[in-house]
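S.K.: Guided by the hints, dock chain B onto chain A, whose structure is given.
So the protein sequences, as listed, match chains A and B.
Quick note: the first sequence uses the working numbering, first residue 90, plus one each step.
Quick note: the second sequence uses the working numbering, first residue 142, plus one each step.
Be aware that one or more of the hints could be misleading.
As the list claims (entries may be wrong) - Here's a subset of chain B near chain A, in silico, CB distances under 8 Å, partners left out: (1) F218; (2) D228; (3) R232; (4) S233; (5) K235; (6) I236; (7) P242; (8) T264; (9) G267; (10) V309.
What the hints assert, rightly or not - Think about it this way: if two alpha-carbon atoms lie no more than 25 Å apart in a straight line, the pair counts; the simulated SDA-like pairs of lysine to any residue are: (11) K213/B - G216/A; (12) K213/B - P222/A; (13) K274/B - R301/B; (14) K255/A - G267/B; (15) K255/A - V295/A; (16) K168/A - G184/B; (17) K274/B - E217/A; (18) K251/A - R220/B; (19) K274/B - C256/A; (20) K235/B - G267/B; (21) K168/A - G267/B; (22) K274/B - Y258/A; (23) K213/B - P259/A; (24) K168/A - C256/A; (25) K255/A - H193/A; (26) K168/A - E155/A; (27) K255/A - E296/A; (28) K255/A - Q276/B; (29) K291/B - I156/B; (30) K168/A - A153/A; (31) K291/B - Q276/B; (32) K251/A - G124/A; (33) K235/B - A207/B; (34) K274/B - A223/A; (35) K291/B - R190/A; (36) K251/A - A187/A; (37) K255/A - G184/B; (38) K291/B - E239/B; (39) K251/A - P269/B; (40) K291/B - G124/A.
Rather than coming from a laboratory, the hints here were simulated on the basis of the structure.
Yeah, the Cβ is synthetic: ideal placement off N, Cα and C, and Gly gets one too.
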Amino acid sequence: MTTEHLDRGPLDRRELAAVVAADIPTGAYVNLGIGLPTTVADHLPVGSGVTLHTENGMLGMGRAAEGDEVDWDLVNAGKIPVTETPGASYFHHADSFAMMRGGHLDVCVLGAFQVSVGGDLANWHTGEPDAIPAVGGAMDLAIGAREVYVMMPLFARDGSAKLVDKCSYPLTGVACVSRVYTDHAVFLLGGDGDVAVRETYGISLVELRERIGLPLDEKDRPGG
Amino acid sequence: MTAVFADPDEAVADIPDGATVLIGGFGPAGQPIELIDALRRHGARELTVVNNNAGNGDTGLAALLATGNVRKIICSFPRQTDSWVFDDLYRSGKIELELVPQGNLAERMRAAGAGIGAFFCPTGVGTPLTEGKEQRTIDGREYVLEYPIKGDVALIKAHRSDEVGNLVYRKTARNFGPVMATAATTTVAQVTEVVPAGELDPEAVVTPGIYVDRVVTA
Chain A
90 MTTEHLDRGP LDRRELAAVV AADIPTGAYV NLGIGLPTTV ADHLPVGSGV
140 TLHTENGMLG MGRAAEGDEV DWDLVNAGKI PVTETPGASY FHHADSFAMM
190 RGGHLDVCVL GAFQVSVGGD LANWHTGEPD AIPAVGGAMD LAIGAREVYV
240 MMPLFARDGS AKLVDKCSYP LTGVACVSRV YTDHAVFLLG GDGDVAVRET
290 YGISLVELRE RIGLPLDEKD RPGG
Chain B
142 MTAVFADPDE AVADIPDGAT VLIGGFGPAG QPIELIDALR RHGARELTVV
192 NNNAGNGDTG LAALLATGNV RKIICSFPRQ TDSWVFDDLY RSGKIELELV
242 PQGNLAERMR AAGAGIGAFF CPTGVGTPLT EGKEQRTIDG REYVLEYPIK
292 GDVALIKAHR SDEVGNLVYR KTARNFGPVM ATAATTTVAQ VTEVVPAGEL
342 DPEAVVTPGI YVDRVVTA
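Pulled out of the complex, with its shape left as it was, chain A reads as follows (with noise of 0.2 Å):
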């Protein structure tokens, strides 16, 4: 059943890093997107386990740099300084990416542009003619990781749903979608066009399905 937080308005960005974070498992290899993604780290509860690797080269990746701490050899994938945990250890890129193809990443979570009800993920590309492009590791996150989590506002500034029936920009992968959390409302993609609402905040079930304009379903999912 879908649980409506109707005392409150939607999540702020704080909140929904938060939300994501409670649902990370004790213990996963994790990769965080550059953008909103990268927040979902300050909300992981203390000995959570959680080892956090990013693409260019690192599993065991701390907090942002402060002060003395900034080493520019010692970036993030948004080539932010960052710090080093006990236990961390680096890799060159062929490594880094065979540990995401190979399907040794429990959950990454990336931001996006649209998510279609059959998981297709599209956050590369506008698909405008003087966009320039820029894919970066999005795709191979994308069918690498175990679970793909996405983070993204629900409606676009247009009003428009981000969550569709299918995509109009550009796919970055197929079907590789499992979760949705937005502002709104926390969306579990069944892999077959299903989605489960698994909590509202700030709106009914009933007003969501009508400003998103998809079928929803209101069962429970194991693994909710």
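M.R.: This is chain B only, laid out in the frame that chain A set:
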């Protein structure tokens, strides 16, 4: 046999026009700035450059692009907040871009260095970046055929080398260096220090000297 050079300019002096040059680095981390600057001064033209990005700011790779001597760049993530040199060249049609998912970039160079003719890879299936490529279903999953990327020259940055070209790296500056070292006909590594053979712990060597033709302190 690895040659130790004293001067970055000498270490890149024989790079010909039209060469494919693999350049290490992930943004600024691991970017062999002094070797890139030497290549820029050397002035070889019609180059194809392979790097994860397409230059930052106005230095290093960006400065090389600004000369107009790079005909084509093969990379995964050209667009950044400080990639204005590339952005202008691209928008005015002065540089060709082959956009490659980052893991394919690494694996295609790994394949080149390991004698692999091509490989089936699941990355990018069903996306515009694999359109027109040969596809095969293996054990119920879709894969795309990807070909190696071989370099004429690799310019990489490592932390230390010994006289026989064994390399150790520093933190995430390692990134593409070890893979590029294997994938080029001639590999040039800039290091902070060249130590006598025997001073690097053989257990800690990341790139064995067999892959390294030239080292230069920079």
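S.K.: So which of those numbered hints doesn't the model satisfy?
M.R.: 4, 5, 6, 10, 13, 16, 20, 21, 24, 25, 36, 37, 40
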